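**Q** Okay, here's what each chain looks like letter by letter:
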Amino acid sequence: GDSVTQMEGPVTLSEEAFLTINCTYTATGYPSLFWYVQYPGEGLQLLLKATKADDKGSNKGFEATYRKETTSFHLEKGSVQVSDSAVYFCALDSNYQLIWGAGTKLIIKP
Amino acid sequence: DTAVSQTPKYLVTQMGNDKSIKCEQNLGHDTMYWYKQDSKKFLKIMFSYNNKELIINETVPNRFSPKSPDKAHLNLHINSLELGDSAVYFCASSRADTDTQYFGPGTRLTVL
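So the sequence lines, in the order shown, correspond to chains F and W. If you read the first sequence in my numbering, its first letter stands for residue 254, the second for the next number, and so on. If you read the second sequence in my numbering, its first letter stands for residue 28, the second for the next number, and so on.
Since the hints were made in silico from the structure, they are not lab data.
The list that follows gives simulated cross-link-like pairs (lysine-lysine, BS3-like), each with its CA atoms no further than 30 Å apart:
#1 Lys-321(F) to Lys-71(W)
#2 Lys-79(W) to Lys-305(F)
#3 Lys-302(F) to Lys-36(W)
#4 Lys-49(W) to Lys-358(F)
#5 Lys-302(F) to Lys-49(W)
#6 Lys-302(F) to Lys-68(W)
#7 Lys-68(W) to Lys-309(F)
#8 Lys-330(F) to Lys-67(W)
#9 Lys-305(F) to Lys-68(W)
#10 Lys-68(W) to Lys-362(F)
#11 Lys-68(W) to Lys-313(F)
#12 Lys-71(W) to Lys-302(F)
#13 Lys-330(F) to Lys-71(W)
#14 Lys-68(W) to Lys-358(F)
#15 Lys-98(W) to Lys-302(F)
#16 Lys-71(W) to Lys-313(F)
#17 Lys-63(W) to Lys-313(F)
#18 Lys-358(F) to Lys-36(W)
#19 Lys-71(W) to Lys-309(F)
#20 Lys-302(F) to Lys-63(W)
#21 Lys-330(F) to Lys-68(W)
#22 Lys-362(F) to Lys-67(W)
#23 Lys-358(F) to Lys-63(W)
#24 Lys-302(F) to Lys-67(W)
#25 Lys-321(F) to Lys-68(W)
#26 Lys-79(W) to Lys-46(W)
#27 Lys-313(F) to Lys-36(W)
#28 Lys-67(W) to Lys-358(F)
#29 Lys-302(F) to Lys-79(W)
#30 Lys-305(F) to Lys-63(W)
#31 Lys-330(F) to Lys-63(W)
#32 Lys-71(W) to Lys-305(F)
#33 Lys-358(F) to Lys-71(W)
Ranges of calculated distance between the beta carbons of each label pair, as one might list FRET restraints:
#34 Gly-43(W) to Thr-304(F): 40 to 50 Å
#35 Glu-85(W) to Thr-281(F): 19 to 29 Å
#36 Val-87(W) to Thr-281(F): 16 to 26 Å
#37 Thr-127(W) to Glu-329(F): 18 to 28 Å
#38 Ser-107(W) to Lys-362(F): 43 to 53 Å
#39 Lys-358(F) to Ser-32(W): 24 to 34 Å
#40 Lys-313(F) to Ser-95(W): 28 to 38 Å
Values in this document were obtained by computation on a predicted structure and should not be read as measured data. No residue lacks a Cβ here, since even glycine has one placed at the ideal position from N, Cα and C.
Build the full structure now, drawing on both the sequences and the hints.
**A** In structure tokens form, the structure reads like this:
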């Protein structure tokens, strides 16, 4: 069945560092891909999405490109802030059911 | 103007009790969901429901049951609570014809 694998956390970075959180998937067809973010004590929020190959989703300085050839959707940000500390979830849409990665906790130190 | 709301935010109860968590969405969405998030932040879909179909994750014990009085509400009822039910439960909703889900703030359930 469809699945999502993302890098284990926690990922700890200093403020202004470059961020990459890896996400790869297995799926039949060409599903939509998502990144959700969960800030401490809150529910999940959609961060960005891409619906077809080579699409780039972007929001709040974060970007991810739908790479069909490598079945990947890595999350990147050029300069992280302390306020980016959260848990990040990669997901894919499989017949309107989201298949979730295990989440990656990101800790940004000042 | 909260989009997806849940009550209560915290729920502490004894083993063996029956409890309910309420969820309401004012987005006009057709499909609602319940998720369980464990202490390691792993998310597990429990149910998805629209006015036509209930899809149950087969690994969910039948002590858990969703109840939908109308399209805007999907409540979660749990019978005979067990220690392992302690988790954060999230409600979410989406339009039937799109795939973006909108989440509630979560209910932290603690079973003693």
